[in-house]
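Student: Note that the protein sequences, when read in sequence, are chains Z and E. Here my numbering is used: the first residue of the first sequence is 1245, the next is one more, and so on. Here my numbering is used: the first residue of the second sequence is 5, the next is one more, and so on.
Hints should not be assumed to be uniformly reliable.
What the hints assert, rightly or not - Here are some chain E residues pointing at chain Z (derived, C-beta under 8 Å):
{"no.": "1", "residue": "Lys338"}
{"no.": "2", "residue": "Asp342"}
{"no.": "3", "residue": "Leu374"}
{"no.": "4", "residue": "Ile376"}
{"no.": "5", "residue": "Val379"}
{"no.": "6", "residue": "Ser388"}
{"no.": "7", "residue": "Asn389"}
{"no.": "8", "residue": "Gly390"}
{"no.": "9", "residue": "Ala421"}
{"no.": "10", "residue": "Val422"}
{"no.": "11", "residue": "Gly425"}
{"no.": "12", "residue": "Ser428"}
{"no.": "13", "residue": "Val430"}
{"no.": "14", "residue": "Met439"}
{"no.": "15", "residue": "Asn443"}
Said to hold, decoys possible - Straight-line C-alpha distance at most 27 Å; calculated DSSO-like pairs for lysine-lysine:
{"no.": "16", "chain 1": "E", "residue 1": "Lys293", "chain 2": "E", "residue 2": "Lys270"}
{"no.": "17", "chain 1": "E", "residue 1": "Lys465", "chain 2": "Z", "residue 2": "Lys1359"}
{"no.": "18", "chain 1": "Z", "residue 1": "Lys1348", "chain 2": "E", "residue 2": "Lys453"}
Everything labelled a hint here was simulated from the structure, so no lab data went into it. Note that the structure is predicted; figures quoted are calculated from it, not measured. A virtual CB, placed ideally from N, CA and C, is assigned to each residue, including glycine.
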Amino acid sequence: MSQGNSQSSNVKTTGHVWDGDLQELNNPLPAWWLWAFYVTIIFSVVYWVAYPAWPLGKGFTTGIATITYKNDKGVEKTTHWSTRALLMKDLQDAREKQKPYFDKVAATPYEEIAKNPELSNFVASAGKVLFSDNCAACHQSGGQGKMAFAPNLTDDDWIYGGTHDKIQASITNGRHGIMPAKGGADLNESEIESLANYVLSLSGETMDAAKVKAGDELFHGKGSCVACHGADAKGNKDIGSANLTDKIWLWADVPGAGSADKKVAAVKEVISSGLNKGVMPAQNGRLSADQIKLLTVYVHDVLGGGR
Amino acid sequence: MKNLQAGENSEELFQKRIPIYPRSVKGTFRTFKTSVLVLAYAVYFLLPWLPWARHDAPAQAVLFDMVGRRFFIFDLVFYPQDLISLSLLMFIAAALLFFTTGLVGRAFCGYFCFQTLWTDAFIFIEKWVQGERPARIRLHKQPWNAEKVAKYGATHGLWLLLAFITAYSFIMYFGYAPELTQRFFTVDLPFVAYFTVLILTVTTYVAAALAREQVCIYMCPYARFQGVMYEPETLAPYYDLQRGEGTAGRAVPRAGSKTREERHAKGIGDCIDCGFCVQVCPAGIDIRKGLQYQCISCGLCVDACNNIMDSVGYPKGLIRYDSEINIESKNPGKPHLDWLRLRTLGYGVAILVMVGLLVYNITSRSEIELSIQPVRQPLFVVLSNGDIRNRYQIHITNKSQDVQEYRISVHGIPEGAVDLGEMSKVSVRQGKSLMVLANVKLPPAMVSKVSEIEFVITPLKNPDQAVIKKVRFYAKHEG
Ligand code: SF4
Ligand code: SF4
């Protein structure tokens, strides 16, 4: 750095000399720098008096600033300042801001909510957040569901019923779908093949007429499918048996199957192995009644499934 | 602070400010500058108090309603969606600035800039309390005593008061002024209001009382680049070097060099070296050294020298607004504005075009802001009977001044295909937005024919203002 010799630059030096000509410059600090330095010192003193600062063994100096907040159970707490308490306070403020709306949703009958634009808009935005946090893991962020895993909530087919009350019941208590396995002891391979052809024909697919006829008989007879799915195969919402006559599939990926053979194979798999996986956990206890009601309206009105 | 005065030749990183005590002066430019100051202050301080009848908002002519996210400027209401008007306005302001700079130099700096205006006002206060320049210098040099404390105290007190009124007036634009005032003094406003006032008071005080010309010289970014906007034809305050210095330089009138004839005979110029032009300069520069970047083109030195020339009976205009070309020519003609240059004409045309666009933009504004977004997750839904359903979020913003009822309808597809829930007719309050969900379902046979549908939003009060928006109807995944 100090290449310039002192004769020509005339800058003051500290007076130290090494190796004959190596000197240390002594430039003054700019005033603004100095003052900024003093101000930071004052600031740091004020800061550590007010806020948590020094570590002390296992603890630390907590400072004199405090934060008072109510947690989600309504218990008031006062602690020394910390970012966590700050977050709790922010959450409390947010809850308080939302509360009038939640209260209003809770107090308004389902049909009235749909007629109230302001409330509907609140449900659309608050519901989206609740849905993303609690439901989207299985039903996906748009409620479109996932084949062979979670039903689509935006179509018009409801395994357990799509009225407000039914949806609320599903969310509150959860669901568990079971279909007994028909393979092995009950039906043989070709019988299952016929049944699959019949079931596919119910949804408007063109299938092998002979197999369909045989499947029809098995469905209403030996297969005892009617016990759950009903004689008309339209299912029973009370026990959650699927409507086999519509074009919506959940457990057998018929829309995704490329060929007729693959469709049959997909349906056969469900008939022969049965199901014990349509499990939706109960949200009761995880979510408050108000939140469940809001989610019900969201699923019914906003995702469009109910309408 | 001793460090600052370290060795005369030391390369200091910081130059201590040399205090400037501008002398007051009378003259054309001073009068103009004062009129601009009075007008600007009148507008700034009184505008928020100007009443303006409105049905739904406070009766205030200019109001920036941050909570309601709209700006009222007389009969115009601006919403965040009107960003384009704001950009046009900024463009016009910038082009206007370049245009005037090209024409008459830093006229904005000298007469209209907030920094100049407030500094000028602060200097008025200073002079009023402490007296004219010599008195102020004397006061500065004299040791601290009762007089100095009283005068300095009064000056700073008044400065702070003006700074406070400035800051306070600023927040009056953001709410209904009479109500804000009452709440302000009963300590009923949110913290941010007081914080804003505090910050603005402090910054005004620091900028106009302490930093002054240093803001222009060291902080102002505009000052950095206006040099490139000067052309040889640009008018700016110039000292007529040929006339002022003659061949033998300037000189104080002494016996033998008093009359103009005597001086000219000796080759002495017209400048009597009175230093008046330097004393009046708020930037603390000597214009006789030529055009300098610190000069804000305020013209006070022109007034000062003209007064001197008058008193000694020489012709005026030794310091004058002139162009570089003219002042340096052998026989300078009368200074004149030179419009016919590519740059000024270019800026002029740009300004006219943009003003036209802005006027069009404002007059043709629709009172409905409409956006319709298809729900993309999922893009479409297959229903149990094979129908395809698309969903749309319709956002309607009512930009009119009162409550409006809108009917939402769809063109080109059967009535029953659209489901708007309970909201085929909605009312939206002024300045508010509303989201309506629309479900459109089409049978597979129709899907192949319809790739687009048209939503029509009709305000029931004036149906001719209906807005039509086309949206895509999706039936298969793309790509
Ligand atoms: S030199 Fe003249 S015009 Fe420039 S700032 Fe000083 S007084 Fe104003
Ligand atoms: S005011 Fe005019 S005469 Fe006096 S010093 Fe300045 S230029 Fe010369």
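Student: None of the hints should be skipped; say for each whether it holds.
Tutor: Each hint, compared with the structure:
Here the hint on lysine 338 (chain E) is broken, as its CB sits about 47 Å from the closest CB of chain Z, past 8 Å. For aspartate 342 (chain E), the shortest C-beta to C-beta distance to chain Z is roughly 43 Å, which exceeds 8 Å, and the interface hint is violated. Given hint, leucine 374 (chain E) at the interface with chain Z, is violated; its Cβ is 16 Å from that chain's nearest Cβ, farther than 8 Å. For isoleucine 376 (chain E), the shortest C-beta to C-beta distance to chain Z is roughly 15 Å, which exceeds 8 Å, and the interface hint is violated.
Among the interface hints, the one on valine 379 (chain E) holds; its C-beta lies about 7 Å from the nearest C-beta in chain Z, closer than the 8 Å criterion. With a least beta-carbon distance of about 3 Å to chain Z, the hint placing serine 388 (chain E) at the interface is held under the 8 Å criterion. For asparagine 389 (chain E), the interface hint holds, since its Cβ comes within 8 Å of a Cβ in chain Z; the closest pair sits about 7 Å apart. For the restraint placing glycine 390 (chain E) at the interface with chain Z, the shortest Cβ-Cβ distance is roughly 5 Å, inside the 8 Å limit, so the hint holds.
Look at alanine 421 (chain E): its Cβ only gets to about 13 Å from chain Z, farther than 8 Å, so that hint breaks. Contact between valine 422 (chain E) and chain Z, as hinted, is not supported at the beta carbon level, the nearest pair being about 11 Å apart and thus beyond 8 Å. For the restraint placing glycine 425 (chain E) at the interface with chain Z, the shortest Cβ-Cβ distance is roughly 5 Å, inside the 8 Å limit, so the hint holds. Proximity of serine 428 (chain E) to chain Z is violated relative to the hint, the smallest CB-CB distance being about 11 Å (cut-off 8 Å).
Hint on valine 430 (chain E) holds. Least Cβ distance to chain Z is approximately 5 Å, under the 8 Å limit. Using the Cβ-Cβ criterion of 8 Å, the hint placing methionine 439 (chain E) at the interface with chain Z is satisfied: the shortest such distance is roughly 5 Å. The restraint placing asparagine 443 (chain E) at the interface with chain Z holds, with a minimum CB-CB distance near 5 Å, inside the 8 Å limit. For a cut-off of 27 Å, the pair hint linking lysine 293 (chain E) to lysine 270 (chain E) stands: about 22 Å separates their Cα positions.
Restraint check for lysine 465 (chain E) and lysine 1359 (chain Z): satisfied, since their Cα atoms lie roughly 21 Å apart, inside the 27 Å limit. At roughly 44 Å between alpha-carbon atoms, lysine 1348 (chain Z) and lysine 453 (chain E) are farther apart than 27 Å, so this suggested pair is violated.
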